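So the protein sequences, as listed, match chains A and B.
The end of the first sequence is residue 205 by my numbering, with every number in the run present.
The end of the second sequence is residue 1276 by my numbering, with every number in the run present.
Since the hints were made in silico from the structure, they are not lab data.
It should be emphasised that the depicted structure is a prediction, and the values quoted were computed from it without experimental measurement.
One thing to keep in mind: the hints can contain errors.
Stated by the list, open to error - Below are the DSS-like pairs computed for lysine-lysine, each with C-alpha atoms no more than 25 Å apart in a straight line:
1) K1104/B <-> K1133/B
2) K1272/B <-> K186/A
3) K194/A <-> K81/A
4) K1196/B <-> K1257/B
5) K81/A <-> K192/A
6) K1226/B <-> K1253/B
7) K1272/B <-> K201/A
8) K1276/B <-> K186/A
9) K201/A <-> K1276/B
10) K1178/B <-> K1133/B
11) K1133/B <-> K1143/B
12) K1257/B <-> K1104/B
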Amino acid sequence: MSIMDYNGGALIGMKGKDCVAIATDKRFGIQAQTVSLDFTKVFQINPHTYMGFPGLATDIFTVYEKIMFRKRLYELKENRKISPKALASLVSNLLYENRFSPFFVEPMIVALDEVTLEPYMCDMDLIGCVNKSDNFVVGGTSSSQLYGLCEALWEPDMEEDQLFETISQALVSACNRDAISGWGAKVYIIKKDKIIVRDIKTRMD
Amino acid sequence: MAMLSLCGLSDDTLFKSKCEVEENEAFETFQSDNTVNQMNLYSLPGNPVENMRMITARDTMGRPIELNFHHGTTTLGFLYQGGIVLAVDSRATGGQYIGSQCMKKIVEINDFMLGTLAGGAADCVYWDRVLSKQCRLHELRNKERISVTAASKIMSNMIYYYKGYGLSIGMMLAGYDKNGPSLFYIDNDGSRTPGKVFSVGSGSIYAFGVLDSGYKWDLTDEEAQKLGQRAIFHATHRDAYSGGIVRVYHITKDGWKHIKNEDCDEIYDRVKNEAK
Chain A
1 MSIMDYNGGA LIGMKGKDCV AIATDKRFGI QAQTVSLDFT KVFQINPHTY MGFPGLATDI
61 FTVYEKIMFR KRLYELKENR KISPKALASL VSNLLYENRF SPFFVEPMIV ALDEVTLEPY
121 MCDMDLIGCV NKSDNFVVGG TSSSQLYGLC EALWEPDMEE DQLFETISQA LVSACNRDAI
181 SGWGAKVYII KKDKIIVRDI KTRMD
Chain B
1001 MAMLSLCGLS DDTLFKSKCE VEENEAFETF QSDNTVNQMN LYSLPGNPVE NMRMITARDT
1061 MGRPIELNFH HGTTTLGFLY QGGIVLAVDS RATGGQYIGS QCMKKIVEIN DFMLGTLAGG
1121 AADCVYWDRV LSKQCRLHEL RNKERISVTA ASKIMSNMIY YYKGYGLSIG MMLAGYDKNG
1181 PSLFYIDNDG SRTPGKVFSV GSGSIYAFGV LDSGYKWDLT DEEAQKLGQR AIFHATHRDA
1241 YSGGIVRVYH ITKDGWKHIK NEDCDEIYDR VKNEAK
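Isolated chain A (complex conformation) (with noise of 0.2 Å):
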């Protein structure tokens, strides 16, 4: 067993029309033993900004901290907010200094541009090789699973409410054929005048 697959997880990122969503489940376990269920490994860093962070529990905090340190001194420093391009350099960088000790997440990007409100959307692996993306972005011990119900089940140009259903139904589904992520869900739907936050019932076995 790997040790991207030690605390278990599904994350997914879906773009919609003038929106953007990030979902998450919210089981903390260790190896089969299901330990917490209210784990979101999801992150507001800026007011249209999320990040997501499958991997190695312990060290989604320590990156989100490191990431933060480095966002917030960067917008002390250029005086407005980061936009989730520069996030995302930000972020790769850091992971690729620990090229050869790597923090053990592959985080993903979630955005609409604090400026533009343009969606931004990204992921990449854990030494930090950024993966643009226009339609959805998955992570976590399920991700094989997620693209097979991403590619199924996504179309161009959703609403808020499709993109909703959309993201809730491939989450959903991923985690029940993966016995170590599920046992609840979050979802974010992120609107330029609003932030949706909903919580999904799933399996909880």
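We have chain A; now place chain B onto it with these hints.
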């Protein structure tokens, strides 16, 4: 030899020991495939235990991948005043991947005996099928149902024959015979133990937690069935490799009876509402 032909006897029956004749018969059956003799499984020449170690697959780093087809499971069984209760989950996994949520992990051997499966799916299903056949043959030969003790011994002897070959089986055998109800635990190490309370599989630690705290000899039938279901349910909640539906069976002097199948998801909702 002249004397023999004068008496009309053929020499191969008289001067060969009974053991020798049986050995030849056994050899003949051994030559046939496993539809005749289920104990006849192919293996490479040489020492099969060593061979199984040698042929284990290796990953990209050259580390051996264990040929262990473990599927996570939670099964339990206990003896009490009103007979025996068996309860099992229904999830089958291959690594983290959930292959099935509706696997039947209780095998109905005859009207009075049940077996539970844990470990390698193929191993369990195959050897339980062989056991079913042996039990039926015993019944036909002796005009009497096989005792649980005898059946469990057949099973453990069959498994023991393949000890070290990498079989992965952890089963409970429960039934009602002329000696009353009995429950056995059998595994691939060759151990076979009678007992009152057992739980087998990756979720057994969680199931035991619930089971041990609620178990009494004097349980009523309904209490016992609920306890079995509850123990499995809590195990499926904590153990990633257990889940699906909880199946509950009850064995009495009238044979086994299937009590209920309930989806873990529905049990979760009910338990949550009851807690409120």
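Straight-line alpha-carbon gap K1257/B to K1104/B, limit 25 Å: OK: K1257/B and K1104/B at ~15 Å, within 25 Å.
Is K1104/B within 25 Å of K1133/B, Cα to Cα? 19 Å, holds
Measure nothing beyond the straight line between the CA atoms of K1272/B and K201/A; if it is 25 Å or shorter, mark the hint as holding. Given that 25 Å is the threshold and the Cα spacing comes to 13 Å, the pair holds.
Taking only the CA atoms, is the gap from K81/A to K192/A under or equal to 25 Å? 15 Å, holds
K1272/B paired with K186/A [C-alpha distance capped at 25 Å]: 19 Å, holds
Run the distance test for K201/A versus K1276/B: straight-line Cα separation, threshold 25 Å. 17 Å, holds
Hey, K194/A versus K81/A, does the alpha-carbon distance stay inside 25 Å? Measuring from Cα to Cα gives roughly 18 Å; hence the hint holds.
What's the verdict on K1178/B and K1133/B, does the C-alpha distance respect the 25 Å limit or exceed it? 20 Å, holds
When you check the alpha-carbon spacing of K1226/B and K1253/B, does it fall within 25 Å? 20 Å, holds
Do the alpha carbons of K1196/B and K1257/B lie within 25 Å of each other, as the hint requires? It holds: about 19 Å lies between the C-alpha atoms, which stays within 25 Å.
Does K1143/B sit within 25 Å of K1133/B, going by the straight-line distance between their CA atoms? 15 Å, holds
Hint check: K1276/B vs K186/A, CA-CA at most 25 Å. Holds or violated? Holds, because 23 Å separates the two Cα atoms, which is no more than 25 Å.
Violated hints: none; the structure is consistent with every hint.
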